[in-house]
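Given chain U's structure and the hints, the job is docking chain X onto it.
The residues making up each chain are set out below.
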Amino acid sequence: MVGPFAWFKWQALFRDWRVFADGLGHTVLASILALALALALGILFGMMGTTHEKVFRVINRIYVEFIQNTPLVIQVFFLYNGLPHLGLMLPVLSVGVLGVGIYHGAYIAEVVRAGIESVHRGQMEAALSQGFAFRQAMRHIILPQAARVVLPPLTNQAVNLIKNTSVLAMIAGGDLMYHADSWSADNIYYGPAYVTVGLLYLALCFPLARLARYLERKMEVGA
Amino acid sequence: MKKLGVLVAGMLLVSSLATGCGSATPSGAGTVASGIAKDVQAIKDRGVLKVGVKVDVPKFGYKDPQTGKIDGFEIDLARNMAKKILGDPTKLELSAVTAKTRGPLLDSGDVDMDISTFTVTDERKKSYNFSDPYFTDGVGLLVKKEAGYQSLKDLNGKKVGVAQSSTSKQAVQAQAKNLGVQVSFQEFATYPEIKAALDSGRVDAFSVDRSILFGYLDNSTEILPDKFSPQEYGIATKKGNDGLAKLVNDTVNEKKTSGELDKLIKKWGLD
Numbered sequence: 001m002v003g004p005f006a007w008f009k010w011q012a013l014f015r016d017w018r019v020f021a022d023g024l025g026h027t028v029l030a031s032i033l034a035l036a037l038a039l040a041l042g043i044l045f046g047m048m049g050t051t052h053e054k055v056f057r058v059i060n061r062i063y064v065e066f067i068q069n070t071p072l073v074i075q076v077f078f079l080y081n082g083l084p085h086l087g088l089m090l091p092v093l094s095v096g097v098l099g100v101g102i103y104h105g106a107y108i109a110e111v112v113r114a115g116i117e118s119v120h121r122g123q124m125e126a127a128l129s130q131g132f133a134f135r136q137a138m139r140h141i142i143l144p145q146a147a148r149v150v151l152p153p154l155t156n157q158a159v160n161l162i163k164n165t166s167v168l169a170m171i172a173g174g175d176l177m178y179h180a181d182s183w184s185a186d187n188i189y190y191g192p193a194y195v196t197v198g199l200l201y202l203a204l205c206f207p208l209a210r211l212a213r214y215l216e217r218k219m220e221v222g223a
Numbered sequence: 224m225k226k227l228g229v230l231v232a233g234m235l236l237v238s239s240l241a242t243g244c245g246s247a248t249p250s251g252a253g254t255v256a257s258g259i260a261k262d263v264q265a266i267k268d269r270g271v272l273k274v275g276v277k278v279d280v281p282k283f284g285y286k287d288p289q290t291g292k293i294d295g296f297e298i299d300l301a302r303n304m305a306k307k308i309l310g311d312p313t314k315l316e317l318s319a320v321t322a323k324t325r326g327p328l329l330d331s332g333d334v335d336m337d338i339s340t341f342t343v344t345d346e347r348k349k350s351y352n353f354s355d356p357y358f359t360d361g362v363g364l365l366v367k368k369e370a371g372y373q374s375l376k377d378l379n380g381k382k383v384g385v386a387q388s389s390t391s392k393q394a395v396q397a398q399a400k401n402l403g404v405q406v407s408f409q410e411f412a413t414y415p416e417i418k419a420a421l422d423s424g425r426v427d428a429f430s431v432d433r434s435i436l437f438g439y440l441d442n443s444t445e446i447l448p449d450k451f452s453p454q455e456y457g458i459a460t461k462k463g464n465d466g467l468a469k470l471v472n473d474t475v476n477e478k479k480t481s482g483e484l485d486k487l488i489k490k491w492g493l494d
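Those sequence lines, one after another, are chains U and X. Sequential numbering from 1 applies to the first sequence in my numbering. Sequential numbering from 224 applies to the second sequence in my numbering.
Here chain U stands alone, though its shape is the one from the complex:
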């Protein structure tokens, strides 16, 4: 019998390595852009969640609750197949970056909010009493302290974000998972394809996960 991991299937995979390299490139690109977007959204909405303005806090809640409580798959499917019916045809990479970025932005907003709230309110009061404007106090006093608390969970979000870019496979996004699906559906050499892709995701995520552990330990020592 021929097993799913027969040697000739591995040989075919090594011969077609460019397919997987191309997918890896797409995944890395989408991850970096989505992470940048998620950070920007997360910090903005996270800060909104801690202000005294009720309207900002409501906006924060709507964004976070709506995104966290609907599946990423549906959000991406909507961006891909729903928006064109409304006259907006985004390129597929933008769909991935927007979909994954907005999704993780909501989680990062919660991380940032928790981080800011972990800084004692006396810090803000002291800053304001010293003549800092709210924005200056945030920038120079609160955020630098919050950053140390939020770094480890933030890194975990980055790991999850990389893995979640695999939803691009569903919408012909040209990422690693898409190419693995496409290549292995052609020849049914699914064994080597998915093991290899799994290891490539591991290679991307594992160093980041280690970094999170490292930052966490460093913080404990510092505290």
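In short, the hints are calculated from the structure, not lab data. Ideal placement from N, C-alpha and C gives every residue a C-beta, glycine not left out. It is possible that some hints are incorrect.
Straight-line distance between alpha carbons at most 35 Å, and here's what the computed DSBU-like set of lysine-lysine pairs gives [to be verified]:
no., chain 1, residue 1, chain 2, residue 2
1, X, Lys-292, X, Lys-450
2, U, Lys-163, X, Lys-382
3, X, Lys-381, U, Lys-163
4, U, Lys-163, X, Lys-323
5, X, Lys-418, U, Lys-163
Covered by chain U, according to a simulated footprint, are these stretches of chain X (three or more residues, beta-carbon under 8 Å) [unchecked claim]:
no., region
6, 319-331
7, 338-349
8, 352-361
Chain X in isolation, oriented as in the chain U frame:
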């Protein structure tokens, strides 16, 4: 460092399992005293034949959402196989498969055979046994009426949506090259996803075997007259289950010569 060691050990374990699986000695091809192949006897002992079929391809294998019943040309074939092996067409257990799952399900033994619009290719023959073809179809193109395309020629520079079992991709590519037109491809896991992408304008054409396309034809779409690259459907069985493969192949050829196969094709309006 210690953790890295554990990780490496884990990977080695996985890879040794993998190679161990790949080099397993042939089994199941032997015959018992009665002259019935071991792999066929195993199905008889179980008393039910497990077949992987499509449930999203009208006329071939389609699950009616109202009744929940799966029916179609390939389901009738599966019943014929159950009758041949077990003497009773109802001793049949159908599993829904997709292009992505039908290979793994055969390998794991969850299904005995796939009768699932499975196009025979040389590359695939390396992994599975295929029967002689029981149906031949051509690849076609479904487009929006409003686009006004007349044939593949008009699709220069356009996007074609195909399923991830892409014999249709190669077929369209070859035909496009002949005509001197350039098309690009977007692959999706299921046919309904391609239809959704066609409706939203993400792709300009939906390409798959014509008989499958007819299931997705509606008021806003039309099938172009192009028909190319014959696709031959075979019944797939696991390599090593060679007794079963022979029985399946003999049965397909029996039905062909007796004219029963043609009758079934007529019954489902596939001629």
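(message) With the threshold set at 35 Å, check whether the alpha-carbon distance from Lys-418(X) to Lys-163(U) stays at or below it.
(response) Holds, at about 27 Å.
(message) Hint check: Lys-292(X) vs Lys-450(X), CA-CA at most 35 Å. Holds or violated?
(response) holds (31 Å)
(request) Confirm or reject the coverage of the region 338-349 of chain X by chain U under the rule of 3 or more residues with a beta carbon closer than 8 Å to the chain's beta carbons. (result) holds (count 3)
(message) Given the hinted pair Lys-381(X) and Lys-163(U), is their Cα-Cα distance within 35 Å?
(response) Between Lys-381(X) and Lys-163(U) the Cα gap is close to 31 Å, so the pair holds against 35 Å.
(message) Please verify whether Lys-163(U) and Lys-323(X) have alpha carbons no more than 35 Å apart.
(response) holds (20 Å)
(request) Tell me if chain U covers the region 319-331 of chain X under the three-residue, 8 Å CB rule, please? (result) That given contact holds, which follows from 5 residues of the region 319-331 of chain X lying within Cβ reach (below 8 Å) of chain U.
(message) Hinted pair, alpha-carbon criterion (35 Å max): Lys-163(U), Lys-382(X). Please report holds or violated.
(response) holds (27 Å)
(request) Establish whether the coverage given for the region 352-361 of chain X by chain U is satisfied; the threshold is a Cβ-Cβ distance below 8 Å, and no fewer than three residues must meet it. (result) The restraint on the region 352-361 of chain X is violated, since only 0 of its residues have a Cβ under 8 Å from chain U and three are required.
This entry does not satisfy hint 8, going by the numbered hints stated previously; all others are met.
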